[in-house]
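Sequence order for the protein chains is W and L.
Counted the way the working numbering counts, the first sequence spans residues 1 to 372.
Counted the way the working numbering counts, the second sequence spans residues 1001 to 1689.
Errors might be hidden in some of the hints.
[To be verified] Straight line, CA to CA, 20 Å or less: simulated EDC-like cross-link-like pairs of lysine to aspartate or glutamate: (1) L:K1485 to L:D1474; (2) L:K1485 to W:E145; (3) W:K254 to W:E190; (4) L:K1435 to L:D1405; (5) L:K1142 to L:E1101; (6) L:K1686 to L:D1377; (7) L:K1485 to L:D1427; (8) L:K1574 to W:D49; (9) L:K1170 to L:D1196; (10) W:K251 to W:E190; (11) L:K1142 to L:D1196; (12) L:K1670 to L:D1380; (13) W:K232 to W:D273; (14) W:K251 to W:D179; (15) L:K1099 to W:E145; (16) L:K1099 to W:D127; (17) L:K1104 to W:E145; (18) L:K1420 to W:E58; (19) L:K1420 to W:D273; (20) L:K1670 to L:D1614.
Derived by calculation from the structure, the hints in this document are not laboratory data.
Note that the coordinates shown come from a computational prediction; the quantities given were computed from them, not determined experimentally.
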Amino acid sequence: MIASLFLLGAGTLPAPASEARLLVAAESADRVYDVAFDGAALSVQQVVDVGYQATEIEGPHGLTVSPDGRHWFVSIAHGKPNGLLYKYDAETHELLGETELGLFPATMQISSDTGLLYCVNFDLHGDMTPSTVSIVDVDGMVEIEQVVTGSMPHGSRLSPDGSRHFSCAMMSDELIELDAVTLEVVRRLELTDGTGRRAGGGHGGESSPSTDGRPQHAAVAKPTWVQPHPTKPLAYVALNGVHQVLEVDLKAWKIKRRFPTGRAPYNLEVTPDGSRLVVTYKGAQAVGVIDLKTGEELARIPTSRPIPHGVVVTADSRFAFVTCEDRGAAPGAVDAIDLESLRRVSSVDVGLQAGGIALFPATERPDAPSQR
Amino acid sequence: MHRPLGLQASLPVRAAVALVVFLLGGALTQPVSAQEAPAEQEGAGARTLVVEPAELVLEIGQAAELTATILDAAGEAVEAPVMFFSRSRRSLTVDREGKVEAIKPGTFEIVVRERRRRAGENQASRVGLGERLSVTIPVTVKLPDLGSLELVADPNAAVWTGTTIQLEAKGTDVNGAARAVSPTWSTNPAAVATIDDLGEVTIHAAGPFEVSAEAEGKRAAMTLTAAANPIARLVVEADNAAPKTGDVVHLRVDAFDAAGEIITDVPVEMTFRARTDDHLGPGASGQIEPIEGTARAWRFVAEQPGRYTFVASSGSAAGRLGAVATARDVAGKFTLVGHGRVDDTHTSDLWVWEGLDGRDYAVTGTWGANGDAHFWDVTDPENIERISTVTIDARTVNDVKVSADGRICVLSREGASDRKNGIVLVDVMDPRNPKILSGFDDSLTGGVHNVFIDGDKVYALSASSRYDSIDISDPGSPQRVGTYKVERPNPSIHDVWVEDGLAYSSNWSDGVHIVDVGNGMAGGSPDNPVKISSYAYPSGWNHAAFPYRQQETGLFYVAAGDEAFPYGLNTEGKPTYPRGWIHFIDFSDLESPRECARYQVPEAGTHNLWIEDDVMYVAYYNAGLRAVDVSGELMGDLYQQGREIAWFLPDDPEGHIANAPMAWGPQPHKGHIFFSDWNSGLWAVKLER
Chain W
1 MIASLFLLGA GTLPAPASEA RLLVAAESAD RVYDVAFDGA ALSVQQVVDV
51 GYQATEIEGP HGLTVSPDGR HWFVSIAHGK PNGLLYKYDA ETHELLGETE
101 LGLFPATMQI SSDTGLLYCV NFDLHGDMTP STVSIVDVDG MVEIEQVVTG
151 SMPHGSRLSP DGSRHFSCAM MSDELIELDA VTLEVVRRLE LTDGTGRRAG
201 GGHGGESSPS TDGRPQHAAV AKPTWVQPHP TKPLAYVALN GVHQVLEVDL
251 KAWKIKRRFP TGRAPYNLEV TPDGSRLVVT YKGAQAVGVI DLKTGEELAR
301 IPTSRPIPHG VVVTADSRFA FVTCEDRGAA PGAVDAIDLE SLRRVSSVDV
351 GLQAGGIALF PATERPDAPS QR
Chain L
1001 MHRPLGLQAS LPVRAAVALV VFLLGGALTQ PVSAQEAPAE QEGAGARTLV
1051 VEPAELVLEI GQAAELTATI LDAAGEAVEA PVMFFSRSRR SLTVDREGKV
1101 EAIKPGTFEI VVRERRRRAG ENQASRVGLG ERLSVTIPVT VKLPDLGSLE
1151 LVADPNAAVW TGTTIQLEAK GTDVNGAARA VSPTWSTNPA AVATIDDLGE
1201 VTIHAAGPFE VSAEAEGKRA AMTLTAAANP IARLVVEADN AAPKTGDVVH
1251 LRVDAFDAAG EIITDVPVEM TFRARTDDHL GPGASGQIEP IEGTARAWRF
1301 VAEQPGRYTF VASSGSAAGR LGAVATARDV AGKFTLVGHG RVDDTHTSDL
1351 WVWEGLDGRD YAVTGTWGAN GDAHFWDVTD PENIERISTV TIDARTVNDV
1401 KVSADGRICV LSREGASDRK NGIVLVDVMD PRNPKILSGF DDSLTGGVHN
1451 VFIDGDKVYA LSASSRYDSI DISDPGSPQR VGTYKVERPN PSIHDVWVED
1501 GLAYSSNWSD GVHIVDVGNG MAGGSPDNPV KISSYAYPSG WNHAAFPYRQ
1551 QETGLFYVAA GDEAFPYGLN TEGKPTYPRG WIHFIDFSDL ESPRECARYQ
1601 VPEAGTHNLW IEDDVMYVAY YNAGLRAVDV SGELMGDLYQ QGREIAWFLP
1651 DDPEGHIANA PMAWGPQPHK GHIFFSDWNS GLWAVKLER
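One chain only, chain L, in its complex shape (with noise of 0.2 Å):
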């Protein structure tokens, strides 16, 4: 509601006000609302703003026009300026004399909206933002009409007695775009075969029938032949009849008819029954999926210890194998060995190397400070020293890389005074007495969260969509060299890790991408990085990946990390709860990568990450440090599986929020997991199996 308002005769005019509806271009086939959509201001003098008609109903493409009048006290039309503007630009326009145009179907607003009138002068009359006459008018642009409706098969799908077939029901509407619909399925005759309500075809009998679908008045039909299923035999083979849960159980299925002869053609459904040894409550037991791209084959693996019945079926034959699943029995547990705490801010990442001396050194970053980098000598982990500290312009120091050779650290800057930011080169060929070489902030002064070295060449990222390749053989003169840009829309990337010549970045909704910076296989190098593969997922929470190719199986995984905080960071005095996993990508196929597993710990929250030897150290921030076994092939569940090894919470009464385990990230290092703590800084600590 509004307050009166002022002066209205003087409001000066600066638009004409159109009073008639026009139906443009003469499509619009639906009836507008004659009803008038008024505003009104409270009081004596109070006026009102009418706009025609009050809603619309539009077609794809159609145009209508706005009409707004204000009218006075008295009812009486007054000129004065009004806009018009879309909630939704890029599906419903509306330009400034009120003509909308329909781009998209949906429901969308659109604003029309006095004017003030011009000021300056007497500031004091004018009334508050809040009493201003405004109108939303709903607009529905209508899907367009069905044109057609066709039903689409598996060209390679077989009609057997027995066995199931799946259509789908794809619908065109009249402007030729794809249109999704819900058809309602029948077929003739039902003694033949039966359709649910998903387009499952389930065959009963031999001999032809019709299956249709009707949609929005429009229907489609095809017309199949069940023949007579031949199978009379199903013979279950298995690749381990004694896994342990979490090993991945290969199954594949022969077919013979009566005569003993193998029939390869007809399909073949596999499940499985559990008698888990679950004695804590029932939970999933197993989990079952075709191998793509091979016949009558499965991959299999029990979350629980138990006994397993693989069924195979096709018609009335059936076939069955057993298998018994036992306890995965990895459980180990780290030990503490050391710790260098940091209580006065929070730490970030860490990076562990073998100096020039030959002593054992780290360092590590601050978070929301003061710009320092520490640096550590670990060569005793039980006693570990502080022995420097960098300070650099910044107030977050959120990553740290030492070069393979240890002479060169790499800082990266965020929150400088002077808005720069970028990277930070620093000699630590005498940890105890680093010495600052260069800056390099070109491109890079939006903030840089992630670095990596690899060679001479410093990958940074950029805070928008890309990493720069940057040469720093002269480390006292860095070089920009090149840039990788993720071609996406809104693209965003988080870390990047350089192994082999590949670069795996982390780009939240855009996932994982490979890039060849130099390992050759698609020609590409640090100055012309080519993309060779990429994988998302939908949670969009992508935050840090770790290539690991497995030598027993010789597959390929990345271990792609979330991060996520939908309960907030408490920065000082209380814990935080984040959530998310990590991903299990194999991308032994580069051009068809497969999300096969995940290890998920439940209510916390995942970092960063690093794998060796088959074991996956995972900085989980509340849930501590993990170590986690991921040899062997993986699929489904890892944490369920019993794969989890051992797991260490970092809750230091001193630190700088007490008691508050926040593992920020890992690094194996000559038989010690060193790892940073966000809360309480530097840890080392040893597995034992």
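The following block holds chain W by itself, in its conformation from the complex (with noise of 0.2 Å):
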């Protein structure tokens, strides 16, 4: 199936359900590996070096493919010291085309309205100011816009029509909503874990504001992903630092349900079916599968290697791919788990530092929530 996916271009052929293509990129070995999936097993085919200053380590973080499969495009983080968008072939990984980003650029997607990608930059260097998110004409290869947003925002996601960005602030503990077309902020949600405690350090009422009326650092909750629901007007968004999924509401624009998780929540994913959501929980070596209509944690997963980062649903809602960094030399690895008998099935070791994950398109269907 691999074979036939290189020979007649991946961007082109969809693949049968449960099998798949994934890309997952090795933060600390400036590397991109293509990993196929058969339904039964995981297995490297090809590794990308990526990056251009040699011997430091420039962090390839976030990974999207195209809605149509053809393209793949990875943010290098560290730069000089803007990072990079890099954008390949999906046939032949040849590079394309760059173009540069802001600081520590990270996670994206691309909107099947606009056709436009749409970067958080992460800015982990913690100057703990506002960052932006970086939009970009990706047929060009142009910056086109950088709308300022919150502090080290994370998790970049779009409405399912495309014309709605989401992105996490987690060091301001908000949720920003950004028009895909207008390219402006148009709603803040800010986020906290249900006590009254506040980002800035205060209690109840008592944040203490930036200038320009965000709430500064520290921060309490620290949401580090969201993810709109495929049909419904919700969105889930992961609070790394107390331990809990919020389930948002779209329409009244404000937290509807609260699930408490594993240890430190990292990214998530909800199937594409609608009816779980799929969590890595980064501080408990275990991924967390929620059931969305009774909010009960159906099964905790371990994971092969500990720190599992980012999580990714096939089109049928049967498999999440999940990747783990694990520690100093020990390899990075990407789990495969069967969401119907909620066990682990596969592992594969990858690269250095594993995190961002993408999958590619397995229907025609563009919108499918296949990118990490």
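Quick one: dock chain against chain with the hints and give me the complex.
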């Protein structure tokens, strides 16, 4: 199957259900791994070296695949000082273009509405000042705008119709909505742990906003990921600092439910059928599967290596793929989790600090929540 | 080309589509093309996006409006949402309604793109990204017309027969901004003066003449009067008639008239002839340049041995002086003394010091690995012994430094599992039992690539644009006391070195910055760093800097090293071929630093360096360790001058990459040169001269 994908052009030939092609970024190895899943086992098909300053780790962090599957994109976190976005041919892995973004560009997604790519500039350098979302024309590989959002924005995700962009400001405890067309911030939602503690060190109404009105660190909730529901006006937010996932009502623009999780939830994905939530527990070496109807955690599945990071789910909602960073010289890994049996069925080691993960589209449906 | 789009009739309406071209502000003087720019879809039901006009030609400040219409298969306009964006937003803007405004001259593109209809309920029916209609509109923003032309000459330039003067044509556009021009030059009468295409006037005879320049319909002229050149005799003097290659010879000229009186205000030119002893084939022989600020003074360096004749001329007068340059003959050799192999991973930087017990120790970092720092007993360099290892939460310990008192080691951290990175302080009073004392990561979370210790302050780079000074007087509780930030667009700092209270940071395209962090010459301190000078060079490869005050001449150089990998880095299995060289910058006048020399080994690339006793030790990656004579004033190409003393290739068949020299950093210590190699660990050699 994989050979066929390469021969015929992976972007043009949909994979059958439960077979999958993945990309995984090894952040401390400056490598991207092309990984195949045949329905039972994962295997590394190809390794692509990325970056530009050889003896320095530049940190490929975010990955996304164009909705037509013809190209893939990786954000390079470290630059001089700004990071970069690289565009590759999905079939040959030939580097096709690059453009400069902001400080420590991280996660990203392409809008099916505008065709533009939206990448958060995470600014991990500790500046704790409001950072930005870069908007990129991926045909010309030109950054057409940078929009200021919040402190350490992460979890760049679009509404199913591609018209709204959501990101979390990890160190100002905000969910931020951007109009994907006008490129303007339209709404902000303060994210709390439910006890009244607020970013900036205050309690209750004692938050200490920054001069521009946004709350300062120290953050309390530390939101690290947001994912809109595929069919309902809901979004799910991982609160890494307080071990919760929030369900946000996008119409009312308020927090609707809270789900307790394992330690340090980091990334999450709603299954395309809308029934479950798969969450990486960075501090628990596990993945949680939450029933969105009941809010119950159906299973907590140990990962093969510590520090699970990214997660994607196949279009048929059957399998989840999870990256694990591990520590030091230990390799990173990709785990395949069967969401029916709720068991890990395969793992494969990749390079150091495996983080970003992207799933090639398996159908013509362009809005499959397939990029990490 | 595009595939058929289904369900066109159900497309929701998001934007009204204007169908008329507006010329805004009445300023559009160039007619825009009436041709439409269509984007079509194939097959039955195909639609077309038509944008008018199909191209734009604008003046700066001018605006125009694009209209976009989507036509169905029958050619009927349908209302459908489109968006506009500029691929050069700082030069050309477009708003959401298609209004374009020109900011800067050039050729740019506006993209008009069909938005996807709102969906969500019926995802499967939606077409792929590539099927959307999209049109790219080329926009030319014209250079403003030339408003005026002016001739500029050196106000001190005198016009004498047999000499030249340089003129410049300065253009100003109609908006008052400077404008580059390529004028046509002329003189009249040509018997008095002629001018070349570059504006250099040669005076042939005494008398008045006019110089004129024409460009884009504008003309500027200047009338000058040439006087007869009184110089009858030129005398050339040199401070060294028997230099060695690489020695800088200072030349001066005295000019006399027919009566023997000294003439001071007539220009004199200087050049040289060479007859080299180069038996290997033609090559550059030497280099000469005027000394800025000193009249009739030049400096010259011979890069090849041979006979040189310096020729001064002015009008019909000429003066000559000969000199014979001999080979520098500084060749020595490195002798291998010892090797502490690291073959399980890559090795990064090193530091060597005398421990509290009087023995000698070294620490080396590791790259792309387990966060290890290895400690070595190097008291007997022939028997380098690895005595301990500290492991921190990191993938790369790029830099290692030890305090002058031998008590504290600082490790830089990148790739920490918690992404907090920062630095780690280690008690090395007993290097056989090092103890981690503390970590400091506040605002250093992106990763620390390099550090330096000066007294009780650590200077640590943030991976973005600054270095912080961190007080470690209480090593269990480091505290930030100050920050230096390069105030430039997109600044990036790579390394910092501190000596005599001055910090020398290497900042890629922003070059070398010298900052007072306690020297006092500019009132600086660790908590109040004050920049005193800087120098940048065009390649943007500035990676390391080492200051050197030369005892013999009193000159103050900073050797600025490049790092570049145009052919990538091979982390496993085969060698790497970097590029780059050492730039010597004369900072003797801090207000006017001057790049004066280079050391470049062909087909190789530099990394870290150290200068001691007029010898520069360079870890030259694939070219191994090099020792270079940097005595005396420096000028030109030090490699060609034969200033290289010795080289050593650390080719280890059992290295992490076998037989692949990749020298990282050197440090002289008690008569030996220690250096780390990325592929093979720690080495000790001795320089024999």
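| field | Distance restraint between K1420 of chain L and E58 of chain W, which requires alpha-carbon spacing of 20 Å or less | value | With a Cα-Cα distance of about 16 Å, the restraint between K1420 of chain L and E58 of chain W holds, given a limit of 20 Å.
| said: Check the hint pairing K1485 of chain L with D1474 of chain L against an upper bound of 20 Å on the C-alpha distance. | reply: 25 Å, violated
| Regarding the pair K1670 of chain L and D1614 of chain L, is the alpha-carbon distance no greater than 20 Å? | OK: K1670 of chain L and D1614 of chain L at ~16 Å, within 20 Å.
| Going straight from one Cα to the other, do K1142 of chain L and E1101 of chain L come out at no more than 20 Å? | 13 Å, holds
| said: Next pair to validate is K1170 of chain L with D1196 of chain L; report whether the Cα-Cα distance is within 20 Å. | reply: Measuring from Cα to Cα gives roughly 17 Å; hence the hint holds.
| Does D273 of chain W lie within 20 Å of K232 of chain W when you go C-alpha to C-alpha? | 11 Å, holds
| task | Mind checking the alpha carbons of K1420 of chain L and D273 of chain W for me, to see if they're no more than 20 Å apart? | result | Outside the cut-off at roughly 37 Å; violated.
| query | Holds or violated: K254 of chain W with E190 of chain W, Cα cutoff 20 Å? | reply | 9 Å, holds
| request: With a cut-off of 20 Å on the C-alpha distance, tell me whether K1485 of chain L and D1427 of chain L pass. | output: 30 Å, violated
| task | Mind checking the alpha carbons of K1435 of chain L and D1405 of chain L for me, to see if they're no more than 20 Å apart? | result | 16 Å, holds
| query | Are K1670 of chain L and D1380 of chain L close enough, with their CA atoms no more than 20 Å apart? | reply | Cα-Cα ~11 Å, so holds.
| request: Would you check the hint for K251 of chain W and D179 of chain W, treating anything up to 20 Å between C-alpha atoms as holding? | output: Holds: K251 of chain W and D179 of chain W sit about 15 Å apart, inside 20 Å.
Hints 1, 2, 7, 11, 16 and 19 from the list above are not met by this structure, while the remaining hints are.
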